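Heads up: the sequence lines are chains A and B, in that order.
Quick note: the first sequence uses the UniProt record's numbering, first residue 1, plus one each step.
Quick note: the second sequence uses the UniProt record's numbering, first residue 1, plus one each step.
None of these hints come from the bench; they were simulated from the model.
None of the values given here were measured: they were computed from a predicted structure.
A few of these clues could be false.
Keeping only pairs whose Cα atoms sit at most 30 Å apart, straight-line, the calculated BS3-like set for lysine-lysine is [stated by the list, open to error]:
hint, chain 1, residue 1, chain 2, residue 2
1, A, Lys160, A, Lys15
2, A, Lys15, B, Lys177
3, A, Lys140, A, Lys110
4, A, Lys160, A, Lys110
5, A, Lys160, B, Lys199
6, B, Lys303, A, Lys15
7, A, Lys186, A, Lys67
8, A, Lys105, A, Lys72
9, B, Lys169, A, Lys160
10, B, Lys169, B, Lys303
11, A, Lys55, A, Lys160
12, A, Lys15, A, Lys140
13, A, Lys160, B, Lys177
14, A, Lys110, A, Lys72
15, A, Lys139, A, Lys186
So the derived label-pair ranges between C-beta atoms look like this [unchecked claim]:
hint, chain 1, residue 1, chain 2, residue 2, range
16, B, Pro87, A, Phe75, 53 to 59 Å
17, B, Gly45, A, Arg81, 52 to 58 Å
18, B, Gln309, A, Lys160, 46 to 52 Å
19, A, Gly12, B, Ala298, 33 to 39 Å
20, A, Lys160, B, Val308, 25 to 31 Å
21, B, Ala346, A, Phe75, 49 to 55 Å
22, A, Lys160, B, Ser88, 51 to 57 Å
23, B, Ser141, A, Gly73, 45 to 51 Å
24, B, Ala160, A, Gly73, 31 to 37 Å
25, A, Thr6, B, Tyr341, 50 to 56 Å
26, B, Ala160, A, Glu145, 34 to 40 Å
27, B, Leu75, A, Pro56, 28 to 34 Å
28, B, Ser88, A, Trp24, 41 to 47 Å
29, B, Pro87, A, Lys160, 47 to 53 Å
Virtual Cβ for every residue (Gly too), placed ideally from N, Cα, C.
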Amino acid sequence: MKFNLTGPFLAGLAKVVAGSSVRWVDCHPDTCQRIYFANHTSHIDAVIIWASLPKPVRDLTKPVAAKDYWNKGWFRRYLARSLNAMLIDRENIKVHRSPVDSMLKEIGDKYSAIIFPEGSRNDGTTLRDFKSGLFYLAKKRPDLELVPVYVDNMTRILPKGEYLPVPLLSRVIFGPPIWLENGEPKTEFLARARESVIRLREM
Amino acid sequence: MDFLQISFSVLAQTPLPVKQSAFLLDGATGILLGVVISCLLIATGAGQILRRQPDSSVNPAIVQAFIRRVRAWWLMTAILAVTFMIPSPLATVFLFFLISFWALREFITLTPTRLGDHRTLFWVFFALTPAQYVLVAMGQSQYELFSILIPVYGFLFVAARIAVAGDYKRFLERIAKIQAGLYICVYSLSYAPALLYLKGWTDPQYEQTSTAGLLFYFLLIAQLSDLLQYVCSRLLGRNVIAPNINASRTWEGFLAGTGVTAVVGAMLSLTGATPFNPWQSAVMSIIIAIMGAAGSLAMSAIKRDRGVQDYGTLVEGHAGVLDRIDALCFAAPVFFHLTRYYFTTAGG
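Start from the sequences and build out the full structure, keeping to the hints where you can.
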């Protein structure tokens, strides 16, 4: 692995700004291959979740980000690289290059990924319905642990459309992993996954 | 126990009060620190003995709470002692800035704000809060601006900036919340480190002593009165002051605790760390105790309204910074002003 100082620095900075406390509920940090799926309320969600992981786990975890946004300009590209991010093409989707396929190719049999199945940021009060990517990931790689993550209070720290953060306290809660049941239909699975994130809110 | 060795060696080496001593920690403050450390040692010992009792009449949850509290005091004493050893009050001012900043983030996290408040909050955190502490660090020359920055400019700014953001829902309520947070967590608390900069004492003897003793005395009395009121409430409490806010705070505990605090305060004045004689010190202790109780009660009321146990429930269960400093916030400005008016030439 390349020598990377920006990554730990960004992780530290994000933790200080967002004053985040981390909880693991019926789940422990592990280097096994996982998909962390979380509610999406702010630009810095991915950084915060990534920073909440212990260093050895963090080194093996790639936040998924949109290529059209993070490939613009050297600075964004540099940030994305420091954060170990994998950039997924949202625009040129072809039959044999679906986002799910490229994601699976990137993580191989070593890395974990952080994804936001809502597709875009919610308004901080309710979760949007999950897009189907999570289902196809689970179907193609049934061995991956799907870990729900709830990020609390990030909308207030850096809401949509704002670029200056307000340093309130946030929480990152990791929940017990779920798997796709045999023959479970797509909509039911996605609803169950969404439910598993919402349940963490009450913790 | 490294810290103990350091502080004791400092005690031994520090010369008696010299004008312009290199350290903030001089002889009198040293004695005070010694007293505090002895008390903490006794408290730690008592906690350990209570915990080892196989089947005592004391509720283990209370013992746990006591031990945790003692640990927090050790930490506070250690931090203060270290900042006192740095030859400038700036370290202490910076420490209080960090405490204010953290307390304010707990306060605002707990009270709901709307999207329209975002930019206002940004300025509150990153401009008004640091500015207040910069003014503290500039000392008594900036007293005027220091004492009005937040209540005059800050409060008007908050109202105006939220109006500019264009969201009128619960407008008055939102202004009040941000102003209250700023007032309690930043403005009031900043009076504690401001004690370090008081000068022009009416008592020429005290002019020789560093004001670190005064700050230390204030923190000690505030924390002690909080503890004594709690203990006395447990022992002889009957009439609860406000059952819906805090079920364990009683009138008896309040009066008895304040009384004992006054006696301790009178005795502490004998160390020479403050400009007060014993009876003045007793009166000051009573005022700190009353303001401390008022602060704790007021902050509990906010917590009850938001339905949380501690400000720290947001962070891993243990009590938050605000739970530790609620008494200080209300007592600091009053103590500062009374000291300034009656014991320095600047105020009189």
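Is it true that the CA of Lys105 (chain A) sits at most 30 Å from the CA of Lys72 (chain A)?
holds, 23 Å
Hinted pair, alpha-carbon criterion (30 Å max): Lys303 (chain B), Lys15 (chain A). Please report holds or violated.
holds, 25 Å
For a C-alpha distance cap of 30 Å, please report whether Lys110 (chain A) and Lys72 (chain A) respect it.
Answer holds: Lys110 (chain A) to Lys72 (chain A) is near 28 Å, not above 30 Å.
Gly12 (chain A) versus Ala298 (chain B) beta-carbon gap, inside 33 to 39 Å or not
Check passed, 35 Å falls within 33 to 39 Å.
Quick one: are Lys160 (chain A) and Val308 (chain B) within 25 to 31 Å, going by C-beta?
Holds, at about 27 Å.
Indicate whether the distance between the beta carbons of Ser88 (chain B) and Trp24 (chain A) respects the range 41 to 47 Å.
With Cβ atoms ~43 Å apart, the hint holds.
Range hint 28 to 34 Å (beta carbons of Leu75 (chain B) and Pro56 (chain A)) holds or violated:
holds, 30 Å
Could you grab the alpha-carbon distance between Lys169 (chain B) and Lys303 (chain B) and see if it respects the 30 Å cut-off?
Status holds; Cα separation ~23 Å.
May I ask you to test the hint 50 to 56 Å on the CB atoms belonging to Thr6 (chain A) and Tyr341 (chain B)?
Distance hint for Thr6 (chain A), Tyr341 (chain B) holds at roughly 53 Å.
Has the given pair, Lys55 (chain A) with Lys160 (chain A), been kept, meaning a C-alpha gap of at most 30 Å?
Cα-Cα ~29 Å, so holds.
When you take the CB atoms of Pro87 (chain B) and Lys160 (chain A), is the distance between them in 47 to 53 Å?
48 Å Cβ-Cβ, so the 47 to 53 Å window holds.
Run the distance test for Lys15 (chain A) versus Lys177 (chain B): straight-line Cα separation, threshold 30 Å.
Holds, because 26 Å separates the two Cα atoms, which is no more than 30 Å.
This entry does not satisfy hints 4, 5, 12, 16, 18, 22 and 26, going by the numbered hints stated previously.
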